[in-house]
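As you go down the protein sequences, you meet chains V and C in turn.
If you read the first sequence in the working numbering, its first letter stands for residue 1, the second for the next number, and so on.
If you read the second sequence in the working numbering, its first letter stands for residue 1001, the second for the next number, and so on.
Among these hints, one or two may not hold up.
Between beta-carbon pairs, the in silico distance windows are [what the hints assert, rightly or not]:
1. A80/V with K1066/C: 43 to 51 Å
2. R1135/C with Q68/V: 30 to 38 Å
3. R1075/C with D84/V: 42 to 50 Å
4. F6/V with R1075/C: 37 to 45 Å
5. I1038/C with D84/V: 22 to 30 Å
6. I3/V with H1069/C: 39 to 47 Å
7. L1059/C with S10/V: 15 to 23 Å
8. I1129/C with A80/V: 52 to 60 Å
9. A1118/C with R117/V: 20 to 28 Å
10. V142/V with L1063/C: 41 to 49 Å
11. I1129/C with D84/V: 15 to 23 Å
12. T2/V with G1051/C: 15 to 23 Å
13. D44/V with P1044/C: 35 to 43 Å
14. R1075/C with H141/V: 44 to 52 Å
Source of the hints: derived by calculation from the structure; they are not laboratory data.
We treat Cβ as the ideally placed atom computed from N, Cα and C, and that holds for glycine.
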Amino acid sequence: MTIVNFTPWSALLGGALIGLAAALLLALNGRIAGISGIAGGILDPQRGDVGWRVTFVLGLVLGGFLYQWLGLGVGVGHIAAVVDTPQLVLAGLLVGVGTTVGSGCTSGHGICGLARRSPRSLVATVTFMLSATITVFVVRHVLGEQ
Amino acid sequence: MRFYSQPLAALLVGVLFGLGLCVAQMIDPAKVVNFLDIFGTWDPSLALVMGGGLAVNALATPLILKRPHPLLDNRFRLPTLTKVDPRIVIGGMIFGVGWGLAGYCPGPMLTSLSFVDADILTIVAAYLIGTFAARRFL
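So that you can see chain C by itself, here it is in the shape it has in the complex (with noise of 0.2 Å):
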């Protein structure tokens, strides 16, 4: 049952966080690095992107996590590190980086593959690349 159900509950997820990410624009990376231009032309917009989906989720989570285990699961499979270490600030400004250069964060760079656009396959493709070596060897 779960192999199925699980999947499933996936791709509806996916879908609505896609639609979501298209709506707030974030998708746009033009947008994206006018968000992060404060000291220039400045696009507030992005941070009632994160505020909007930070309330909803904060009012959530702890409702949800109240319940002994998830409706298709038998238990909830959360993050166990709870220390900030030296990779979490590390990545942290890594990922900075890379995000203020080109407009993309994984999620609108993956969602971004339904323009079927060459320049989104590169980006995506170095992502991967990325995250397989990072993984491996870091």
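Only chain V is shown next, with the shape it has when bound in the complex (with noise of 0.2 Å):
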């Protein structure tokens, strides 16, 4: 193990900012700021419950046009994918698919569930991180690639 390019003071920034703005979410709107079922529910919409779902979703893009305008992503511009088309199509795929049967991702199950104290919140994460884990083992260590 080598540890590499470790920057613990704007991971914990970052993260606080994250904290803080699942916290409103529950505050203002009493919702779970899972992204997962967020976007999830703009495809399976139901009436009264589509706007704020919306907006959330601009929000973040609006969030990631704020910091590149505001110059705080020095070389931002060279963050790019770190695989190819087939392999970006597989993994959103199952992104999709995970997300929904499992109920959440890494914002609803990692930071919200567990806040909450949620077992099935605490099984999820476990399992999607070991999950995550063991999937680049293969790739980079197994398989050899990237």
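Put the two chains together into one complex; each comes in its own frame, and the hints tell you how they fit.
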């Protein structure tokens, strides 16, 4: 194991902003800030429950624009995918199916669910962290790609 | 009133969430994959992203839920399921494989639409198709 590119302060600050955003969504709208659940609800629209989901996702993208516009992200123009198109398609499909079947993603289970001490979220978080770690191990060290 | 106030609040919260993901560098899939590569070139940063987010939210959540209702609605809408079932494990396993393969979970993926890049559009399209199909058929 070699430790690389450790950026503890930006990680903590970014994490705190994410936690603050999740707390605000609960305090204001009474909703869990689970990105897959919020986005999924747009694809399966229920009357009167679509507007805030759309504006939240727009907000995410606006946040990305704002970050680039403020010039905070030195070299953000270089941020690119690390895999080819077929793997991107496969990865996207798996993330969509997995978060739907498993009722949540990194934010909904890992940040909000654990904060509510939900046993389902604890099991989900441990499972996807393990599964993702094993996947990277297999891709990088067994198949020797990337 | 609620018709306007909730979407506006969600917009502002979304901006803050997206900014947080950018500051934390979770929008860089190379960094995410290095975080998951414990046995190779390990970048522990993202553990602090989750830890920081969880710490703030774990302090705030019980205080917020003590109130009778959120500011802009008449009740909290929390997940009602509490039982650990096979779906939560199977779904987590499938999601983990996808996350490990490309380094994108849903939040950073959607926030990265701001890069207006063909690769991002590809993975977001596949993610939406996967979500739609699973909601319909699984």
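Cross-check of the supplied hints:
At roughly 45 Å, the beta carbons of A80/V and K1066/C sit within the given window of 43 to 51 Å. The supplied range of 30 to 38 Å is met by R1135/C and Q68/V, whose beta-carbon atoms lie about 32 Å from each other. Look at R1075/C against D84/V: about 47 Å separates their beta carbons, and that is inside 42 to 50 Å. Taken as a hint, the range 37 to 45 Å holds for the pair F6/V and R1075/C, whose Cβ atoms sit roughly 43 Å apart.
Between I1038/C and D84/V, the C-beta spacing of about 24 Å keeps the proposed range 22 to 30 Å intact. At about 46 Å, the CB distance of I3/V to H1069/C agrees with the hint of 39 to 47 Å. At about 21 Å, the CB distance of L1059/C to S10/V agrees with the hint of 15 to 23 Å. Hint check: I1129/C to A80/V, Cβ distance near 22 Å, so the stated range 52 to 60 Å is violated.
In this structure the supplied range 20 to 28 Å is violated for A1118/C paired with R117/V, their Cβ-Cβ distance being about 41 Å. In this structure the hint that V142/V and L1063/C lie 41 to 49 Å apart at CB holds, the actual value being about 46 Å. Distance hint check: the CB atoms of I1129/C and D84/V are about 18 Å apart, consistent with the given range 15 to 23 Å. At roughly 22 Å, the beta carbons of T2/V and G1051/C sit within the given window of 15 to 23 Å.
At about 37 Å, the CB distance of D44/V to P1044/C agrees with the hint of 35 to 43 Å. Take R1075/C and H141/V: their Cβ atoms lie about 49 Å apart, and the range 44 to 52 Å holds.
Violated hints for the displayed structure, listed by number in ascending order: 8, 9.
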